[in-house]
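So the protein sequences, as listed, match chains Y and S. Sequential numbering of the first sequence, starting at 6, is according to the numbering used here. Sequential numbering of the second sequence, starting at 6, is according to the numbering used here.
The set of hints was computed from the structure by calculation and includes no laboratory data. There's no promise every hint is true.
If chains are identical, the list can't say which one is meant, so a pair holds when it fits in one copy or spans any two.
[As the list claims (entries may be wrong)] Listed next, the in silico EDC-like pairs over lysine to aspartate or glutamate satisfying Cα-Cα at most 20 Å (straight line):
1) Lys85 to Asp50
2) Lys96 to Asp150
3) Lys143 to Glu109
4) Lys115 to Glu104
5) Lys151 to Asp111
6) Lys127 to Glu104
7) Lys158 to Asp129
8) Lys96 to Asp154
9) Lys103 to Asp50
10) Lys143 to Glu121
11) Lys143 to Asp111
12) Lys143 to Glu91
13) Lys103 to Glu86
14) Lys107 to Asp154
15) Lys7 to Asp129
16) Lys103 to Asp93
17) Lys144 to Glu86
18) Lys127 to Glu10
19) Lys115 to Glu10
20) Lys144 to Glu91
21) Lys7 to Asp131
22) Lys92 to Asp131
23) Lys144 to Asp44
24) Lys127 to Asp44
There are 2 protein chains.
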Amino acid sequence: MKLIEAKQQFINSWGAFGTQWGINRTMAQIHALLLVSTDPLTQDDVMEELSISRGNVNMNIRDLIGWGLVDRVIISGERKEYFTAEKDIWKVATQIIKERKKRELDPMIKLLSQLENIDGNKKDKDIQQFTQVISGIKKMGIQADKTLDILIKADENWFTGSILKMLK
Amino acid sequence: MKLIEAKQQFINSWGAFGTQWGINRTMAQIHALLLVSTDPLTQDDVMEELSISRGNVNMNIRDLIGWGLVDRVIISGERKEYFTAEKDIWKVATQIIKERKKRELDPMIKLLSQLENIDGNKKDKDIQQFTQVISGIKKMGIQADKTLDILIKADENWFTGSILKMLK
DNA sequence: TTTCATTTTCAATATATCTTGAAAATTCAG
DNA sequence: CTGAATTTTCAAGATATATTGAAAATGAAA
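Make the full structure from the sequences, and use the hints.
Quick look at the structure:
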């Protein structure tokens, strides 16, 4: 397979995977494009490569910066802004985990805590069952939170398989 | 907070969280409803509780069954089908991990394997960088796959914190 | 300050996804 | 087998989400 084809397929497929994970297709594609671009790109470069509008590129790049996955790069002598993606996949994964934890897991745990205390007789079957389910989900959320913290700290050790040291 | 309110809030919030994770809102709501329902429900029950159409309920329940999160229940003497959700949250989590691994992670690794071999001079800077990014993602995918397998096997031990034994 | 390249915003539009509801298929009691 | 209850399908419609593009804002050079 030729490099150009492979890049194109990676970008397209990455976009498709993104949608499965609740990520906007274009955002995933821009991220993929920047991942496989040796040099930083301008908004115009991205527009042309992906055939999308200026506004779309602008909004999604800003989102990606918000996720900590893309950085602005200053190139001396150039007026335009350039953008580049973190190439170290472990940093990328860590960053995504951190953000999703903050944006999704933390609010979920907060909600479940609120739902744990129900007015009424604690002996009531319905109340018991509800509370049990909610507490179960909350416990799992907390456990996931802890486990992900360890993974974040473990960083590349996760990858190298030496995560055991971190867990101890 | 009253039980009824709490159930309602759980159902609504679960639907909202679901969309963030790329899961259809209604499917998440039906799952939530079945999670907090003491007894199995019919399609009509779900239609009424969530104010949604028969077709919608039918399709989403079948999807949930496909995910292994909901089961058909036969109630003797009843013609209608009843549905119930697995209440053990650790089984639920395990099941979701298994399915997402199969549906998303495995295909991703397969794709990346195809993109690893690029025609041309291996010394070429562009080819090197591309291959490096792709291989990095693939390695991470494989590592995630292994780690999730351990979690699946660890089952409730994950939760209890005794996962270390399983990792050794 | 003025000018112009560049970035940002956002209402309008387009697209993708979900939902409905009625018809078709299925199932089962009689 | 017949007919009614129940489930399933799916085209049409509704809703939610993403994209465009032009106008407004920004900011750097002259």
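Are any of the numbered hints broken by this structure? If so, which, sorted upward? Hints 6, 7, 9, 13, 17 and 23 not satisfied by this model.
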